[in-house]
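Take the given structure of chain A and dock chain B to it, following the hints.
So the protein lines, in turn, are chains A and B. Using the working numbering, the letters of the first sequence correspond one by one to residues 1 to 239. Using the working numbering, the letters of the second sequence correspond one by one to residues 1 to 208.
Take these hints with a grain of salt, some might be off.
Partial list, derived from the structure: chain B residues whose beta carbon lies under 7 Å from chain A [said to hold, decoys possible]:
| id | residue |
| --- | --- |
| 1 | PRO39 |
| 2 | PRO41 |
| 3 | ASN42 |
| 4 | PRO165 |
| 5 | THR166 |
| 6 | ARG185 |
| 7 | ASP186 |
| 8 | SER189 |
Per label pair, the in silico range of CB-to-CB distance [claimed, not checked]:
| id | chain 1 | residue 1 | chain 2 | residue 2 | range |
| --- | --- | --- | --- | --- | --- |
| 9 | B | LYS131 | A | ILE230 | 54 to 60 Å |
| 10 | A | ILE230 | B | GLN109 | 31 to 37 Å |
| 11 | B | SER202 | A | ASP136 | 43 to 49 Å |
Sample of chain B residues with no beta-carbon within 12 Å of chain A, all distances over it, derived [claimed, not checked]:
| id | residue |
| --- | --- |
| 12 | VAL100 |
| 13 | ALA128 |
| 14 | ASP133 |
For the record, the hints were derived by calculation from the structure and aren't laboratory data. Quick reminder that beta carbons are idealized off the backbone N, C-alpha and C, glycines included.
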Amino acid sequence: MAKKPLDRGTREGINMSTIKKTQIVNVGATFFIASLLAACTSTTVDEFRQGETGIETDESVVILGRRQASDYETDSGFVECVGDRMQRGENAISVVPEQEFIDSMFPWFEPRTAPLRTRDLEQLMAEDVVANKMNDYGIRYIVWVDGFTETSGRTGSISCTVGPAGGGCFGFGTWEDDANFNARVWDVDSLKNVGTINADATGQSYLPALVIPIPLLARVEANACSRLAIQLKDFVNGS
Amino acid sequence: MNQPNMTIQALLYRFGTALLLLLVSACGASNVVIEGNFPTPNVNKMPMSVAVIYEDALREFAYMEYSETGREEINIESGQSHIRLFDAVLPAMFDRVVNVDTMEDAVEQKVDAVFAPVIEEFQLALPAKTKLDVYEVWIKYNMRLVTTEGDYIADWVLTSYGKTPTATFRSVQDGINGATVVALRDLASSFSLSFSQVPEVSEWLRNL
Chain A
1 MAKKPLDRGT
11 REGINMSTIK
21 KTQIVNVGAT
31 FFIASLLAAC
41 TSTTVDEFRQ
51 GETGIETDES
61 VVILGRRQAS
71 DYETDSGFVE
81 CVGDRMQRGE
91 NAISVVPEQE
101 FIDSMFPWFE
111 PRTAPLRTRD
121 LEQLMAEDVV
131 ANKMNDYGIR
141 YIVWVDGFTE
151 TSGRTGSISC
161 TVGPAGGGCF
171 GFGTWEDDAN
181 FNARVWDVDS
191 LKNVGTINAD
201 ATGQSYLPAL
211 VIPIPLLARV
221 EANACSRLAI
231 QLKDFVNGS
Chain B
1 MNQPNMTIQA
11 LLYRFGTALL
21 LLLVSACGAS
31 NVVIEGNFPT
41 PNVNKMPMSV
51 AVIYEDALRE
61 FAYMEYSETG
71 REEINIESGQ
81 SHIRLFDAVL
91 PAMFDRVVNV
101 DTMEDAVEQK
111 VDAVFAPVIE
121 EFQLALPAKT
131 KLDVYEVWIK
141 YNMRLVTTEG
151 DYIADWVLTS
161 YGKTPTATFR
171 SVQDGINGAT
181 VVALRDLASS
191 FSLSFSQVPE
201 VSEWLRNL
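Only chain A is shown next, with the shape it has when bound in the complex (with noise of 0.2 Å):
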């Protein structure tokens, strides 16, 4: 049986079909790199133990980030990141949300009234209304996270034009990203500071642009995120 000569209609699905998987192909590999390329983060975690801890079921934790200093605050997104890793998983932990604590204890947290030292918690804990709202949420940790995501080290240059017939973009640039969060956990029953994480996130961004700009950014602050939040879930479960 002779074959049926394709027609022109079968000729375009056969191109078409060929050009979306080399599409498929080229995306996927792109994904690939990128993938590899946004993984070059190294983060390194540090504790240092001062005293005994553990978490009773009906207790809680509140992260608080630091705002005192002039030319930095720390961003509230992280704190919250750490506070909603620290709730999930095994050995999950209750986690007050930072702004409600602060609104509730309000004007007692503000940065220019929280206490930067456990002497100062020990005065705060003097005033009825301040010890009894903490007794209401329960609180048995208060860790105060502090610290920023630098960028340096930027080189390369892209350049785009947009005419008529369309635009685009070619060059290439990089980056050197560095998180460095440390948290301090005191305990609200001792008065005392148990303990100290240091976690340290570093990174190489890429931004390849031919035609499309492509960011491969090293995630830096997630991954501090997530190993800074593993870390404060064992230490205050005292594992």
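Structure of chain B alone, referenced to chain A:
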């Protein structure tokens, strides 16, 4: 044939006028009305009754930020947010608080003292000018406490500061609003915690 031509002319004229107005308005100052909610302070109430007078200068307070060339750039209206703040803070600090318009009204209300806050200075620092990654706001207040007879009890200066970081997709208006709300919270915290420590107020409270 004349009628359609006239209509087209009229349309073109209207379009031109609208475009001109749009261009002119784009060159004018942008307006920011400060919006925010303020929590009630957790402080011990003082056993005294206070009448509050919000003068028009406070009610309608607005600050104009000028560009480096002297052009009006941003108009910040914060009068009403100051009133919302004091309305949240004062009832938590004193046993009884009444809002009055004049000293005569305060006398009728038989209060212990009359409180009248005034904004003396407002300063704004924008990232585009300071090259820092934060919006900053400073506000200087003159707090006045007098008796219903108009005698001076205390007159002191309070300063407040607020900053908010720049962020992707955050507009200038949002940045200014954020920094001003932080400054207003700072005012509320320092006012509510330091009120009884002002030497003249402290002495007056002892004799009350």
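Hints and how they fare:
Because the smallest distance between the Cβ of PRO39 of chain B and any Cβ of chain A comes to about 4 Å, under 7 Å, the interface hint for this residue holds. Checking PRO41 of chain B against chain A: minimum C-beta separation of about 5 Å stays under 7 Å; hint holds. Look at ASN42 of chain B: its Cβ gets to within about 4 Å of chain A, closer than 7 Å, so that hint holds up. Evaluation of the PRO165 of chain B hint against chain A yields a held restraint, the C-beta minimum of about 6 Å falling below 7 Å.
Annotation: interface hint on THR166 of chain B violated; nearest CB of chain A at approximately 11 Å, more than 7 Å. A least Cβ separation of about 6 Å between ARG185 of chain B and chain A falls short of the 7 Å threshold, and the interface hint therefore holds. The restraint placing ASP186 of chain B at the interface with chain A holds, with a minimum CB-CB distance near 6 Å, inside the 7 Å limit. Because the closest C-beta pair between SER189 of chain B and chain A is about 3 Å apart, less than 7 Å, the hint holds.
Between LYS131 of chain B and ILE230 of chain A the Cβ separation comes to about 37 Å, which falls outside the hinted range of 54 to 60 Å. Range check, ILE230 of chain A to GLN109 of chain B: about 59 Å between beta-carbon atoms, so the 31 to 37 Å window is missed. The hint said 43 to 49 Å for the Cβ distance between SER202 of chain B and ASP136 of chain A, and at roughly 31 Å that hint is violated. For VAL100 of chain B, the non-interface assignment is confirmed: its Cβ lies about 26 Å from the closest Cβ of chain A, beyond the 12 Å cut-off.
For ALA128 of chain B, the requirement that its beta carbon stay farther than 12 Å from each beta carbon of chain A is met, with the minimum near 17 Å. Not every Cβ of chain A is farther than 12 Å from the Cβ of ASP133 of chain B; the closest lies at roughly 8 Å, contradicting the non-interface assignment.
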